[in-house]
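Number of protein chains: 2
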Amino acid sequence: MSQIRHALSVKRSDDFAAWYQAVIAEADMAEESGVRGCMVIKPWGYGIWERIQRLMDDRIKAAGVQNCYFPIFIPLKNFEREASHVEGFAKEMAVVTHHRLIADGKGGLMPDPEAKLEEPLVVRPTSETIIGDAMARWIQSWRDLPLLTNQWANVVRWEMRTRMFLRTSEFLWQEGHTAHENAEDARRETQRALEMYRACAEEDLAISVVTGEKPENERFPGAVETWSIEAMMQDGKALQAGTSHYLGTNFAEAAGIQFQDREGAQQFCHTTSWGVSTRLIGGVIMTHGDDDGLRVPPAIAPQQVVILPMLRGSDEDGALLDYCEKLRAGIAAQIALGEKVRVLLDMSHGKAAAKRWDWVRKGVPVIIEIGGRDMDNGVVSLLRRDRLWNDAAKPDFAALSVEQAVGEIGSLLEEIQTGLFNEARTRRDANITRGITSMGEVAAHYAGDARFPGWLEVQWSKPSGDELEQVVDALKAHKLTIRNVPRDSAPADGTCVFTGKPAVERILIARAY
Amino acid sequence: MSQIRHALSVKRSDDFAAWYQAVIAEADMAEESGVRGCMVIKPWGYGIWERIQRLMDDRIKAAGVQNCYFPIFIPLKNFEREASHVEGFAKEMAVVTHHRLIADGKGGLMPDPEAKLEEPLVVRPTSETIIGDAMARWIQSWRDLPLLTNQWANVVRWEMRTRMFLRTSEFLWQEGHTAHENAEDARRETQRALEMYRACAEEDLAISVVTGEKPENERFPGAVETWSIEAMMQDGKALQAGTSHYLGTNFAEAAGIQFQDREGAQQFCHTTSWGVSTRLIGGVIMTHGDDDGLRVPPAIAPQQVVILPMLRGSDEDGALLDYCEKLRAGIAAQIALGEKVRVLLDMSHGKAAAKRWDWVRKGVPVIIEIGGRDMDNGVVSLLRRDRLWNDAAKPDFAALSVEQAVGEIGSLLEEIQTGLFNEARTRRDANITRGITSMGEVAAHYAGDARFPGWLEVQWSKPSGDELEQVVDALKAHKLTIRNVPRDSAPADGTCVFTGKPAVERILIARAY
Chain A
1 MSQIRHALSV KRSDDFAAWY QAVIAEADMA EESGVRGCMV IKPWGYGIWE RIQRLMDDRI
61 KAAGVQNCYF PIFIPLKNFE REASHVEGFA KEMAVVTHHR LIADGKGGLM PDPEAKLEEP
121 LVVRPTSETI IGDAMARWIQ SWRDLPLLTN QWANVVRWEM RTRMFLRTSE FLWQEGHTAH
181 ENAEDARRET QRALEMYRAC AEEDLAISVV TGEKPENERF PGAVETWSIE AMMQDGKALQ
241 AGTSHYLGTN FAEAAGIQFQ DREGAQQFCH TTSWGVSTRL IGGVIMTHGD DDGLRVPPAI
301 APQQVVILPM LRGSDEDGAL LDYCEKLRAG IAAQIALGEK VRVLLDMSHG KAAAKRWDWV
361 RKGVPVIIEI GGRDMDNGVV SLLRRDRLWN DAAKPDFAAL SVEQAVGEIG SLLEEIQTGL
421 FNEARTRRDA NITRGITSMG EVAAHYAGDA RFPGWLEVQW SKPSGDELEQ VVDALKAHKL
481 TIRNVPRDSA PADGTCVFTG KPAVERILIA RAY
Chain B
1 MSQIRHALSV KRSDDFAAWY QAVIAEADMA EESGVRGCMV IKPWGYGIWE RIQRLMDDRI
61 KAAGVQNCYF PIFIPLKNFE REASHVEGFA KEMAVVTHHR LIADGKGGLM PDPEAKLEEP
121 LVVRPTSETI IGDAMARWIQ SWRDLPLLTN QWANVVRWEM RTRMFLRTSE FLWQEGHTAH
181 ENAEDARRET QRALEMYRAC AEEDLAISVV TGEKPENERF PGAVETWSIE AMMQDGKALQ
241 AGTSHYLGTN FAEAAGIQFQ DREGAQQFCH TTSWGVSTRL IGGVIMTHGD DDGLRVPPAI
301 APQQVVILPM LRGSDEDGAL LDYCEKLRAG IAAQIALGEK VRVLLDMSHG KAAAKRWDWV
361 RKGVPVIIEI GGRDMDNGVV SLLRRDRLWN DAAKPDFAAL SVEQAVGEIG SLLEEIQTGL
421 FNEARTRRDA NITRGITSMG EVAAHYAGDA RFPGWLEVQW SKPSGDELEQ VVDALKAHKL
481 TIRNVPRDSA PADGTCVFTG KPAVERILIA RAY
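Protein chains in written order, with the numbering used here: chain A, 1 to 513; chain B, 1 to 513.
Be careful, since some hints might not be right.
Any copy, or any two copies together, can satisfy a pair, since identical chains are not distinguished.
Quick list of in silico lysine to aspartate or glutamate cross-link-like pairs, EDC-like style, CA-CA up to 16 Å [claimed, not checked]:
1) K106 with E80
2) K91 with D104
3) K479 with E441
Hints are computed from structural coordinates only; laboratory data are not their basis.
In this text, all values refer to a predicted model and were calculated from it rather than measured experimentally.
One chain only, chain A, in its complex shape (with noise of 0.2 Å):
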């Protein structure tokens, strides 16, 4: 029987983070930029953000959300008015605190001692307190609100241990702050928000989500309320995709956004927040990627389609040519998920076998090749990322007529696109193991060399406070983390699987990024 010659060199199953590195590689997605921690994002990488940044922001701005841009540097004490906020945060900024450099008579340069700033400014980690010095002077009544903005940015958190995509000092991000009149209002909001991001990985991703809270002790600093998309990656692992946060009137308080209420009375706002990250390139990465690199779900593809002539250095080159770009022509004008199809017709340099695993490792869904022998026939061989083997452990090329090529690809595309989607969603709930009640079973689930132990679904007391610390604890010597509460869990109807009282909610544990 013929073995498939995989196009990485790394397998899943042998090494998860070596063949997670190796697929940003091979792709062509990112690298180390030398600066500590920061990476840089390559083409094929940024023009997944960017397709990822569309199609949120779409979202967004259906939803009356207003984008906005707020100052990167934010004063020392906007942190200091926030006690819980700068607490979670003072760890890991990078601080400014000069403005000029100058020669350090050695031939380098050096931070110039004059120009000393009398108030270090931080890089922000997020902007919570200097979008909320903004709304305080915009909101005076009930009228103006609610206040929707949302800007799209670059933040920084200093981080001792990074990983491409996924843990990096510097990342882009989109926050959303919203201010209400009342708790309710503000809820409302962080569930919307919520759900915009469920449907976003869902649809726009295909990656599938679990929507919950977070619990006490994962709660964003200074939140009342921390809400989640959670996805479960190739390795069994969690991933907090993206969160949406309730803030009470914390924030408000601390920077004094009041509002004249109906009633004539000054009240705090209520104000939310949320916001998704490069991050989630590193879901799709680990969501979709197999043994022959990146696939990447047809709606976030920055090319849908690539048309590979071959070309052999001849005369027949020119009429091969005319004959491609005629079907990319064609390709081009048709639709799929609601926008035009992206094709690229691939006329750089190299030989077409070697193009074409390069775009096998990208991920990009679907390779039509053409050679001369194909235009004399009016045929095409199209082959699908998302099914790229045949049983004899060769690519599963199709032949196809130009016409049915043309015809069929908006189908083809959303059928790729649904087809990601079920097979995540369906290793997802194939992994959620429930029905385990005791603290003595967990650490088994995940003891011993099960490779991919999943997600546990347990029910739980909630507790609070020092007894939630201890149950911290435990899951920690596992390396487990609570991930959230699932919103659409059933009932509790059994005893709390670390303190024995009667359960009153389910919650999902599971090792993270």
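Dock chain B against chain A, hints included.
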């Protein structure tokens, strides 16, 4: 005769600088953030930037340039490598020296002395040096060339005197960076980017510009040639609205960007860089604004048409809103300037008249007001922002049938776009004075109380070094600068206005932002 009651309290002719600030405030585009030199860009201002981004990004991608993202932090050593570059920027950069805050023992926070960086990091003022590092990794052979990259990013230059949009410590921009096999290719790319900026300024922003090369003293630090587009503001001053640099092999030698050429020899690449920023928005304001606020060219207007229902808080309001919604949907289905028309049905709080003037100050190209009587008669009242007042000093509303309003909106918006450009070009052309042959005449032209002295096109001998410095100083005494050597000006045929030597080319002289 009636007197027009303008929507702004300050007129351009009274105090242009105060008028500029008033437009930004009254059109609700941006505001001071409280963080030194940084502004908050509000939804209307940011929406204009998003439109400029979208149109420019389409032009960038159409040229085969690929977007990437590079680190915000640049190590000091990168600046130390390129002497003339650091010379140009060293004086005004934000320097990160610590990566953690701790309690200062007085209830506040301070940089943690234990967390001092071994090597300070600079917040990028521009990214030639860090992108050069990446290019050195990415380029091996002539087959890798040209390498065409761009990033959309924030940059920081510590400015002592700031003015919103025109000069802020943090600003948003795109920076293109390309590497080529030889000087010819790199110079061609420099000109391509310059031409792209001209087209975007003229076709999208409706700003008439002069393209040309900057004199030696105005070159980008480290560049061999710097080219610019220069726009004339309504006070006659020049605004450098975009630059494109041919960098020779200077940055390639500093960063080691080498390639094996077609003959197998190692060579340094020739590189270019080019950028435009949020400064363009300042140019839009000072080109198209009038005494009633901003006028946004339709191509870059976040909303091109606003429909204002004259609600009365009565039972009829429901029918009126239905009527307006049908009109909105009809207009939204129309095409103007190659895109679907952007139309908003404004149902926000507030009286219709107040809302009208808000939209006038924001400069939305077309306002449509509809009251109950209009509905009964099947008509709408349409106001063009570019021709606001009638002879009786009243807003010049036109009564149109619904069918007319829908059917003509596309061509109306295109007419407004063209009209704004022609107005700007006519004003620009009328305010360039030629034929001046001595420095005395130059001084006389800018002396006195001529409010809009505009620009001079004079001939010069293209002095260099010390001789050029003398010219620069002589001009500086009159607050004048050399803007550029227009690409399309007539050949020189006289003597140099500064040196009396035979002239070799023509240059533009102006006061500038």
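Exercise for the section: State whether the alpha carbon distance between K106 and E80 is at most 16 Å within one copy, between copies, both, or neither. Expected result: Close across copies (11 Å), not inside one copy (38 Å); limit 16 Å.
Exercise for the section: Have a look at K91 and D104 and pick one of within, between, both or neither, based on CA distance no larger than 16 Å. Expected result: Result: close only across copies, 14 Å inter versus 30 Å intra.
Problem - Intra- versus inter-copy proximity for E441 and K479 (alpha-carbon distance at most 16 Å) - result: The answer is within: 15 Å in one copy meets 16 Å, while 81 Å across copies does not.
Of the numbered hints given earlier, the model fails none.
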